[in-house]
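K.L.:
Sequence:
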Amino acid sequence: DERVRALLINIFGGITRCDEVARGILSAMDEVEVRVPIVVRLVGTNEEEGLRLLAPSELITVSSLSEAAQKAIALAA
Numbered sequence: 008d009e010r011v012r013a014l015l016i017n018i019f020g021g022i023t024r025c026d027e028v029a030r031g032i033l034s035a036m037d038e039v040e041v042r043v044p045i046v047v048r049l050v051g052t053n054e055e056e057g058l059r060l061l062a063p064s065e066l067i068t069v070s071s072l073s074e075a076a077q078k079a080i081a082l083a084a
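Using the working numbering, read the sequence shown as starting at 8 and increasing by one per residue.
Check before you lean on any hint, since a few could be wrong.
Stated by the list, open to error - As a list, the in silico SDA-like pairs of lysine to any residue whose alpha-carbon atoms are at most 20 Å apart: (1) Lys78 - Gly21; (2) Lys78 - Leu14; (3) Lys78 - Glu27; (4) Lys78 - Ser64; (5) Lys78 - Leu66; (6) Lys78 - Ile22; (7) Lys78 - Thr23; (8) Lys78 - Val50; (9) Lys78 - Ile45; (10) Lys78 - Ser34; (11) Lys78 - Arg12; (12) Lys78 - Glu65; (13) Lys78 - Asp37.
Stated by the list, open to error - DEER-style ranges, computed between Cβ atoms: (14) Glu56 - Asp8: 19 to 27 Å; (15) Ala84 - Glu27: 27 to 35 Å; (16) Arg10 - Glu38: 18 to 26 Å.
Simulated from the structure, these hints should not be mistaken for laboratory data. We put the beta carbon where it would ideally sit given N, CA and C, even for glycine.
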């Protein structure tokens, strides 16, 4: 959708492991051309590993939902 100006991915992983979600996000980015900034919040099981996997990417990682929303809004402006 051309009207999308930013994307916020919020994962609260209890049973779902954050490292698996991070791998899925990176895999999807390999398949789809992303033209907007992406803010990712990962909290839960294997959070540190997930954030480590995302660190080399162009994704913006944050630790709180409030920070994620504020960052996405600022990037969309």
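K.L.:
Can you give the numbers of the hints that this structure goes against, from lowest to highest?
P.N.:
Of the numbered hints given earlier, those the structure breaks are 1, 3, 6, 7, 10, 13, 14, listed in rising order.
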